[in-house]
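K.L.:
Listed in order, the protein sequences are those of chains W and Z.
Numbers given in our numbering equal positions in the first sequence, counted from 1, plus 170.
Numbers given in our numbering equal positions in the second sequence, counted from 1, plus 1047.
No false leads were slipped in.
SDA-like cross-link-like pairs, simulated, lysine to any residue; straight-line CA separation at most 25 Å:
#, chain 1, residue 1, chain 2, residue 2
1, W, Lys557, Z, Tyr1215
2, W, Lys557, Z, Leu1271
3, Z, Lys1208, W, Leu180
Facing chain Z, from chain W, some residues (calculated, C-beta under 7 Å):
#, residue
4, Leu176
5, Phe329
6, Ala331
7, Ala334
8, Leu335
9, Cys612
10, Leu616
11, Phe617
12, Trp618
13, Ala621
No wet-lab data here; the hints were simulated from the structure.
Note that the structure is a prediction, hence the values are computed from the model and not measured.
Virtual Cβ for every residue (Gly too), placed ideally from N, Cα, C.
The residues making up each chain are set out below.
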Amino acid sequence: MSLTTLTFGLFFAAVFAVYWIAPPRARKWVLLAASAAFYAPFGAAALSVLAVCALAAWGMGLAVARHRGSRALFAACVAVSLAPLALVKYLPGMFAVAGVSFFTFKIVAYLAQVRAGQVEPERDPAVVAVYAAFFPQVTSGPIQRADSLMPQLRTPPAFDADAALRGAMLVVWGVFKKLMIADNLAGYAADALRTPGTMIGPSVLLGVVLYAVQLYCDFSGYSDMVIGLAAMLGISTPDNFRTPYFARSIREFWGRWHISLSSFLRDYIYFPLGGSRCGAARTALNLMATFLVSGVWHGTGATFLIWGALHGLYQIAGRFTRPARERVRQALHIRADSPLLAVWQSCVTFALVTFAWIFFGAPDLGGALAVLRQIPGGFSLSPQVWKNAAVMLGFDAATAGRMALALAVLFGAEFLARRDGFGAWLEKRPAPVRYALCWAVCAMVLFWGAAAGGGFVYFEF
Amino acid sequence: MKRFLKCAAVFLTPVALLCLVFFAAVWRSGELCDYEAAAHASAAGDVTLLGLAYRDSTAAFKSAAANDVKAELLVLGTSRSMQLRGEFFSTDSFYNAGGGVAFLSQVPSFLESLDESARPERLILVLDQYFFNKDWLTTGGSPVIDYSSFARPDAGYLLHKFFDAYSYGKFRVLDVLQTPAGVVGLSASARGAGFYPDGSYTYGTDALGDGLDPGFADSIHRILTASNRFEHSKEVAERGVADLRAALDTCQDMGIEVTAFLPPYAPSVWQYMQDYGEHTYMTLIYDEIRPIFDEYGCEVFDYSYLPETSDDQYLDGFHGSDRVYAAICARLAREAENLADVLDEARLTALFEQPGLPKVIDFTA
Chain W
171 MSLTTLTFGL FFAAVFAVYW IAPPRARKWV LLAASAAFYA PFGAAALSVL
221 AVCALAAWGM GLAVARHRGS RALFAACVAV SLAPLALVKY LPGMFAVAGV
271 SFFTFKIVAY LAQVRAGQVE PERDPAVVAV YAAFFPQVTS GPIQRADSLM
321 PQLRTPPAFD ADAALRGAML VVWGVFKKLM IADNLAGYAA DALRTPGTMI
371 GPSVLLGVVL YAVQLYCDFS GYSDMVIGLA AMLGISTPDN FRTPYFARSI
421 REFWGRWHIS LSSFLRDYIY FPLGGSRCGA ARTALNLMAT FLVSGVWHGT
471 GATFLIWGAL HGLYQIAGRF TRPARERVRQ ALHIRADSPL LAVWQSCVTF
521 ALVTFAWIFF GAPDLGGALA VLRQIPGGFS LSPQVWKNAA VMLGFDAATA
571 GRMALALAVL FGAEFLARRD GFGAWLEKRP APVRYALCWA VCAMVLFWGA
621 AAGGGFVYFE F
Chain Z
1048 MKRFLKCAAV FLTPVALLCL VFFAAVWRSG ELCDYEAAAH ASAAGDVTLL
1098 GLAYRDSTAA FKSAAANDVK AELLVLGTSR SMQLRGEFFS TDSFYNAGGG
1148 VAFLSQVPSF LESLDESARP ERLILVLDQY FFNKDWLTTG GSPVIDYSSF
1198 ARPDAGYLLH KFFDAYSYGK FRVLDVLQTP AGVVGLSASA RGAGFYPDGS
1248 YTYGTDALGD GLDPGFADSI HRILTASNRF EHSKEVAERG VADLRAALDT
1298 CQDMGIEVTA FLPPYAPSVW QYMQDYGEHT YMTLIYDEIR PIFDEYGCEV
1348 FDYSYLPETS DDQYLDGFHG SDRVYAAICA RLAREAENLA DVLDEARLTA
1398 LFEQPGLPKV IDFTA
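Model the full assembly from the supplied sequences, consistent with the hints where possible.
P.N.:
Structural data, given as structure tokens:
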């Protein structure tokens, strides 16, 4: 069930009530039952795969801990953990297993942390099962590490009203991002990416930019909901997005976008390959390999590979041109903390990221190239041209006004919260401001939002 | 926990109240009604205006109602037949089943969905011109309709649509909460649009102003892009002719006398198509089908262009208002032998020429 439906709302209300009424030692069983009930509609086959993976993770954790020195055993356990992911993605006719990309990575992270001695192997299979199948996270992450999540499952924290309220506000914010912005933009962006030939260049460019916003709101909105729901159950989850479109470099972007995945790839692909501790050529190779893996994780088509390779190239170019760019800045007497420099860097970063999103969102390579061919056509800075571009994309005055207001609220709040994170920032505001903002976004969702129940983009991975 | 629940209650209470008010509007509007029951109630006259905004089972509705009414004179066609009002005819045994078919090929199945006792003696069949357009025929596929299947309401979806409609100023909550008895559906409640008990359709407040397509911009766009019932063609489609024969065969087998006509376009839209030159099939249809109607002993008339009507009497480029259909009936009174006994040309001409708004006839005057 989708997190934005009334059905899920009622489901979570029931889980919340039972969870907090139950004694602490029984809460992991409440979560296990809730996770099973949440996942069951995906089918008995998928549920079985998840259950088997969770049980195998428990056994493999104990085995890896007993034989920490055995690289072969660890490698075999990782291979077994990733087998369902490989089969689902590459075996023709294989049934879908929701969230396989996420829970397999969680299990690999658990095994790696056990081997490194960062966590003790969990002897309670129920804790491992909840770790792997925790219902808010199971379909689309975040990929929370074992050392962060398991202790909270083993010894559930007491109810914290502040954390729960912060979580509830984050859920409202996530719903706003998903239903008001992401789902409303989806149609316009899809037209530009799938049928660019029917539009003028500015329409296609506008559609691509809207796709970048849609993707961010869809995924970060989902993450906000997940983190908020977990917080209402007393479970703390690290941030998964930190205003990534304000990043001033691609490197910073990846420290702010899908943080749980980028940190996983950093810790378990990039660092084991040698990271940046080797020479320049090897560092470049390590960066490219890491981002190619990221591309393949997101999808099996050539476009995802190109998307990953582009980010690898960006990282390599950014790293090796940094000294030169720094010399240019100094030569131009621009202060490092200059706001204009920050704006320039953020714009360039956004442009690079959005260019790569073309490959991420296009149906195939031909489609991506068609988008790129169409963008320059009819380009102009004339406001009338851009107005026509918006109309051609399907906007009318009312819809454009609504979306402009929603985006102003989104980016305004996120700019103000760029250092603390939205939940922590909102918590510091006076109560009337908190209520007013939550009511305002709630009203926008009710009156202007898309119908609930739409799929999440990252659910497809 | 108490503080959390108190804060949650403070936040959720106004939200819940707002949802409750709108849900009350959803319920009061009748959008949650049992569509099949409403269809029967409409046919019985208990529902004076049935206009659901978010469910469309018109074919099933018209079949059920036609079965109840058992009219001697039945109208059948697409939305371009729905304006034929019972008030135009001097018989009480009348029902407009317009909207019951979307394709000519569906006429036999619609008639077969009627009980034997409900089959009409006379049928007015409205033949949309694009029934004979090869390109248009390939777009829809003429789906098979289950005349017993009525769309079910989805409360959550309706609540969302009500919020959306309200945000566009399409209705006022207080007005909907005071929906009078006998009026069912948001379109009926908010716009006065829907189906009367005789099966004919009123456009409500849309008929009071510039209509649905001011300046016929959408129709012109369709002409230029060859889309959505304005596909280009220079010849009459054989499949359309075959569908016509099948329909007439069914009527003959059932002993139904058929009077048919090609419905009108707004004069300027018709002229535009003639000047554009890509829809010449329309001028060939009548000569192609007239011999077929003669074969079956039935009548057909070409009312594609009615020079006595004016653009402001049309809802859009191809849907005439009440006045246009009064003009059509006046012509039928003059030309259709099979309907001479139920049509009064003088009265219909008076209705057509009645002073007042161009798209509206006051039948009580």
